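Read off the chains here:
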Amino acid sequence: MSNLIVTAGSVTTAIRLEKQLNYAGDLNAAVIHTPPAISTGGCSYSVRTSPDKLSLIKQIMSNKKIRVRKFYIEELVNGERVYSALS
Amino acid sequence: MLYLDNAATSLKKPPGVYLSMMKNTIANSANSGRGGHFYSLRATKKIYETTESICKLFNIDSIERIAYTQNATYALNMAILGTLDKNSHVIITQMEHNSVLRPVNKTCRYSVIKADRHGRIRPADILNLIRPDTKMIISTHASNVCGTIMPISKISEIAHKNGLLFMVDAAQTAGCLPIDVEKDGIDLMAFSGHKGLMTPMGVGGLYVGDNVSINPVITGGTGSMSESLVQPDFLPDMLQSGTLNAPAIIAAKESADLILKETPEAIGAKEHELAVRLINNLMNIDNVIIYGVGNDKDRNGTVAFNIRGMDSVMCAQILNDEYKICTRGGWHCAYPAHCALGSEKTGAVRASFGYFNTSHDADKLTDAIYRISKHYKHKKNGV
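Protein chains in written order, with my numbering: chain Y, 33 to 119; chain U, 7 to 389.
Treat the hints as calculated values from the structure; they're not laboratory data.
Since the model is a prediction, treat every value here as computed from it, not as a measurement.
All residues carry an ideal CB built from backbone N, CA and C; glycine is no exception.
Certain hints may be false.
DEER-style ranges, computed between Cβ atoms [as the list claims (entries may be wrong)]: (1) Y/TYR115 / U/GLY41: 14 to 22 Å; (2) Y/ALA117 / U/LYS29: 40 to 48 Å; (3) Y/ALA117 / U/TYR341: 54 to 62 Å; (4) U/GLY41 / Y/ARG113: 12 to 20 Å; (5) U/LEU17 / Y/TYR115: 50 to 58 Å; (6) U/LEU17 / Y/ILE105: 54 to 62 Å.
Sequences and hints are given; from them, build the entire structure.
Next up, the structure:
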């Protein structure tokens, strides 16, 4: 299992991103509360989506002027969710 | 009862608004933007759909740039207190409502663009009022007293040529006049939901353009950056603390979509037609004074008048008690506007048409005014 997590801060931005990604194609995007492991200590919202089409996702964000914070890959390692930041 | 006080609020709502309000009070009363559970996210997504419709209505390209408030007054206060301070100067029109006058008077230095007897301003007059410390021009889109429409595109042009921000108070026009934040050059816009947009009460909003730097006046829980003692610096969270009125905001989509379908142009034209019909009727009654631009194009569905020599509050009371017609007498929280119109001593009777009114309503009010004025004239003459 591998997911792309895009952290957005505001729930409004997260929903906007989710809508745009699902509108653009089969990206299976869903808004989630940002996992504690990658949040800065408090609440925020992210979009969980398919990691395969990162360049398309970045292009959609650029076209629609959607500002996000960071990208992470979420993987299941020994039953635990592990996150690694993408540069 | 005949309701003619739509400038205060819309009494009736489109049926879909009532149904949505009930349905979403049951189904979507979870706290939006709080946590990631099903109900919270569902309410948030529903609110988002309303915002999409409102953005379409005002040609706003970014959903994040609308912050919901309880009403237009809150939105105006947020904008004025959040962008101006005691070292700033602002230019306002004489036709403003107290929801602009009072926060401006409390916050900063200001100059007033004088209006004429019809409630019109001359945009060229603004140039003489601009000072080195001027930061913004604020104008109502239409007078809440007499319905005169302000030339907002021209004001915006002057504002931007002089490096100033331009804010519009659209409390009287959102939903019943076309508004395009891009074409009209609007940097900040406050709107109420419960008037022309026909939403339930408790819905208003502030549009903040991407060139505007604003500080939050109300701070608190936003569901984001909880670890920080500092308010988030991104919209809408920066301006949207505390629990939103989710069922009412969600219900607003019903009326916003209806307006999008029928168009604000068509709704505004119908209300204008009713106002003109009333004015033309009242002009045939010899002791009635009509304020504002008369039956000209630059007016909306709000008409102010008096029966000569008669107290406006008393006239409105008689209309209510004896003719079952709801109007509003007095000064309408806009005393300087009455000074411009020449009704500062008497106030005025205000009849304001809305989406559900018909020409029959204009005629019914005319008939009542004719009878009251005749009776009053006779009484005055001791007949």
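Now the hints, each set against the structure:
1. Y/TYR115 / U/GLY41: 14 to 22 Å: 20 Å Cβ-Cβ, so the 14 to 22 Å window holds.
2. Y/ALA117 / U/LYS29: 40 to 48 Å: Distance hint for Y/ALA117, U/LYS29 holds at roughly 42 Å.
3. Y/ALA117 / U/TYR341: 54 to 62 Å: Cβ of Y/ALA117 to Cβ of U/TYR341: about 59 Å, so the range 54 to 62 Å holds.
4. U/GLY41 / Y/ARG113: 12 to 20 Å: The hint (12 to 20 Å, Cβ to Cβ) holds, given that U/GLY41 and Y/ARG113 are roughly 18 Å apart.
5. U/LEU17 / Y/TYR115: 50 to 58 Å: holds (54 Å)
6. U/LEU17 / Y/ILE105: 54 to 62 Å: holds (55 Å)
Taken one by one, the earlier hints all hold for this structure without exception.
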